[in-house]
Each structure stands twice: as C-alpha cells, then as structure tokens.
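Going down the list, the protein sequences come from chains A and B. In terms of this note's numbering, the first sequence opens at residue 1 and continues consecutively. In terms of this note's numbering, the second sequence opens at residue 1 and continues consecutively.
Simulated from the structure, these hints should not be mistaken for lab results. Quick reminder that beta carbons are idealized off the backbone N, C-alpha and C, glycines included. Honestly, I wouldn't trust all of these hints.
Claimed, not checked - What follows is a set of in silico ranges between Cβ atoms, one per label pair, in the way DEER data are often shown:
1) Gly-186/B to Gln-84/A: 20 to 30 Å
2) Val-168/B to Glu-151/A: 24 to 34 Å
3) Gln-62/A to Ala-113/B: 58 to 68 Å
4) Ser-73/A to Val-168/B: 36 to 46 Å
5) Ala-183/B to Gln-84/A: 23 to 33 Å
6) Gln-67/A to Tyr-118/B: 21 to 31 Å
7) Val-168/B to Ser-102/A: 40 to 50 Å
8) Tyr-118/B to Gln-84/A: 50 to 60 Å
What the hints assert, rightly or not - Computed from the model, here is a short list of chain B residues facing chain A with C-beta under 7 Å:
9) Cys-37
10) Gln-39
11) Val-42
12) Leu-44
13) Glu-46
14) Leu-47
15) Ile-84
16) Thr-165
17) Glu-166
18) Val-168
19) Asn-175
20) Ile-182
21) Pro-191
22) Trp-194
23) Asn-196
As the list claims (entries may be wrong) - One side of the interface only, derived from the structure: several residues of chain B facing chain A at Cβ under 10 Å:
24) Ile-31
25) Cys-34
26) Val-193
Chain by chain, the residues run as shown.
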Amino acid sequence: MLRSKSSLWSLGAGLAAALIAPTFLFAPPAAADDAQPVSVSGEVIVVLAKEAEGEYDGKLKQMPALQKPPFNSFKSMKVLSTTQVELAVDKTPTVALPNGRSLQLKLLERMPDGRHKVQVSINRPGKQDYLPLLTVIASGEPFFVAGQSFEGGTLVIGVKVGAAAAPAKK
Amino acid sequence: MNAPHVEEELLQRYFDGDLKGPPAASVSQHIATCEDCKQRHVALSELHKLIMMAGEHAALDVDFERAFANIERGTRERPAPGLIERLSVWWRDLVEQRPEQLWAPAFGAAMAALLLVYVLRDGASDAHQEVAAATPKPPAPVVVVQAPAVPAETIPVDALAFANTEVVQVDFGSNAGTVYEIALAGGVSTPVVWINDDVIQ
C-alpha cells in the first residue's frame, strides 16, 4: 500500500517515464532509401529460335543459358529486337513482340539484398489488358520467357533487370 | 528549605502556555511564593510586550499592498517551469529528501516496461496473424513437365527458388507451361518460363 500522496505521484511519474522513453529509444531512423525513387534499368531481348539448321546470332554467345537445355535443341537463333527499358514503381514499360502481343514489365519493389521484384505480363491478342504471367526477384542475370510460336520457330524472350549479382553459393 | 527555582526552559514553556495540568500548576504555585521566579516571569512578559510593540511599529512602515503587488508581478513575469524542470526538481527532492520512497518510481518503471513488452509482443503477433489471414494465397503455379520443344535432359523443377533469380509466382492461367532452371557457371542459375503457344488466350 502506498504510504503517501507523493509516493503515488512518484509511481505515476515512473510509469509515465517508462512508457514514454521507449518511444524515443525504438523510434525507427529515417530510411535514406525511402527518400530515393526506386528505378532500375533493364533490357529485353527477343530471339527467334528454330530447330532447323541456320545462323546462330553472334550477339547471343554472351548468353550461355541459351546453349543449355531447354534451348540447346534449337539449331539457329536470331535476335529480332533488343530494347532498353527503365523500370520504376510508376513506370511500366511495354515491349512489342513480333507476334503482335506485348510484354509488360512492372517493378514491384527493390529487395533489401539489391535484387528487384518484377512482374512480367503478356497481353492477350486483340485485347488491351495484361495477364500477369510471372513474378520474379531478378538478380541481374537474364531470365527467359519462351514458347510462343512465330514464323516456324519459337520466341525466346530474355529479360534482364538490374546489374548481375555475384554468383551465389549453393 | 525553599523549593528549587523553575528552570529557564520550563518557565519559558509555562509563559508560552505549553504546560498543562500538574506541571503548570506546580510552576504557578512556585511563582506565587518565589520572588525571584516571579520577577523572571514578569521579565518574560515585559520582553514579550516589547517585541510585540516593535513588530507592530515596524509593520506600520511596510507598504504591504506594494509588496504583494511586487510578488504578484514577479509571479506573472516568471515563466512557469517546464516539465523537465519540474521532473528534475521532483527527482532531486526524492533522492535527497525522501530516498526511502525511491522504490515507487522504480517499481512503476519496471511494471510499465513489462506492460510495454507484453503489449508490443502481443501486438506484433496479432499484426502478423492479421496479415497472414488477409493475404490471399497465390494460386498454385501450373507446372507441366512436358513441352513439345523441350528435350528430355531438361532439369526438372521441384521448387520455384533459384540461386540468384527467384521465381516468386507463375500463373499460366488455363494454359500449360513449364518452369526450368538453367544452371550456369559459378553456381549461378536462371529460370526459364516456358509457355505453350496457342494457349495464351
């Protein structure tokens, strides 16, 4: 039991101080990254791949993934277009595909490890809306969307977002 | 033999009216019979009168209205002490004058800290559960390990996590498709999302 009015006041003051102090102690510091607009550059390369013998575009030699399964069954590859894009939260670039469709890239967020979460969509033929196809956390190494038929071959779309990260150890 | 004289302190207390009952009666009886003590008591009375007269005389020279006005003006002009100053005074007073009461704020602080930890932990848990409940689970990706143009030695995908580029979600809709992982040098891998043509509708 409290012995005096001043003890009660002291108890109240102690409670108030203990409740207020953590507000200052645990207040999150202003994040510098939040103040910067998130944007990242990217590249979309559209390749026509065919199983028939033919020319292999020299530009693709710097993309070793295209020599590996499931792409190694193609005997010829030709770069149809290379498009530089700038992705931002409020900027969703689209890249026209040779089959009349469009590929849309949307930057969702920048991850703490420096990678970028990106949504890839392709619109339906003759329609304006885009169907979200996949969401990736891109490291800067090109990833691929492939399978659409075009002029007797298959479209292979390589998407590179940001700079390539250091190789990860498994 | 005469009774001993009343001690100075006892006489003073008698004069001030602090003595009651038998002690007061004993001193009164002694003063009535002892000339010395009677004179001392009279001297105390005279001194008291002189002090009272001096005080009254001095009070006549004091302008109390002006003095109170000065006090009120000073009170108005001096800014009220802030919270920090009042807390500082309270704490100094507590530590220096009433150290036995230090347990009260310490106990209060400890209880408040426990309450805060409990509330924060409980709140974080609730928020996590609410987010988990409110976030719809993405539809399971349609992964078909078969595509006409895919050779047999493709790497099967049993998980949608890759070394560097990570596939978070795939939605083929009503279409068929496959997700592959291409292993590159240095432990790097990259995904391939293979969708059948004629099925993007």
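Comparing the hints with the structure gives:
{"no.": "1", "hint": "Gly-186/B to Gln-84/A: 20 to 30 Å", "in the structure": "26 Å, holds"}
{"no.": "2", "hint": "Val-168/B to Glu-151/A: 24 to 34 Å", "in the structure": "32 Å, holds"}
{"no.": "3", "hint": "Gln-62/A to Ala-113/B: 58 to 68 Å", "in the structure": "59 Å, holds"}
{"no.": "4", "hint": "Ser-73/A to Val-168/B: 36 to 46 Å", "in the structure": "28 Å, violated"}
{"no.": "5", "hint": "Ala-183/B to Gln-84/A: 23 to 33 Å", "in the structure": "28 Å, holds"}
{"no.": "6", "hint": "Gln-67/A to Tyr-118/B: 21 to 31 Å", "in the structure": "59 Å, violated"}
{"no.": "7", "hint": "Val-168/B to Ser-102/A: 40 to 50 Å", "in the structure": "22 Å, violated"}
{"no.": "8", "hint": "Tyr-118/B to Gln-84/A: 50 to 60 Å", "in the structure": "54 Å, holds"}
{"no.": "9", "hint": "Cys-37", "in the structure": "45 Å, violated"}
{"no.": "10", "hint": "Gln-39", "in the structure": "49 Å, violated"}
{"no.": "11", "hint": "Val-42", "in the structure": "46 Å, violated"}
{"no.": "12", "hint": "Leu-44", "in the structure": "40 Å, violated"}
{"no.": "13", "hint": "Glu-46", "in the structure": "45 Å, violated"}
{"no.": "14", "hint": "Leu-47", "in the structure": "41 Å, violated"}
{"no.": "15", "hint": "Ile-84", "in the structure": "11 Å, violated"}
{"no.": "16", "hint": "Thr-165", "in the structure": "5 Å, holds"}
{"no.": "17", "hint": "Glu-166", "in the structure": "4 Å, holds"}
{"no.": "18", "hint": "Val-168", "in the structure": "4 Å, holds"}
{"no.": "19", "hint": "Asn-175", "in the structure": "9 Å, violated"}
{"no.": "20", "hint": "Ile-182", "in the structure": "5 Å, holds"}
{"no.": "21", "hint": "Pro-191", "in the structure": "5 Å, holds"}
{"no.": "22", "hint": "Trp-194", "in the structure": "5 Å, holds"}
{"no.": "23", "hint": "Asn-196", "in the structure": "6 Å, holds"}
{"no.": "24", "hint": "Ile-31", "in the structure": "44 Å, violated"}
{"no.": "25", "hint": "Cys-34", "in the structure": "48 Å, violated"}
{"no.": "26", "hint": "Val-193", "in the structure": "5 Å, holds"}
Consistency with the previously given hints fails for numbers 4, 6, 7, 9, 10, 11, 12, 13, 14, 15, 19, 24, 25, ordered from lowest to highest.
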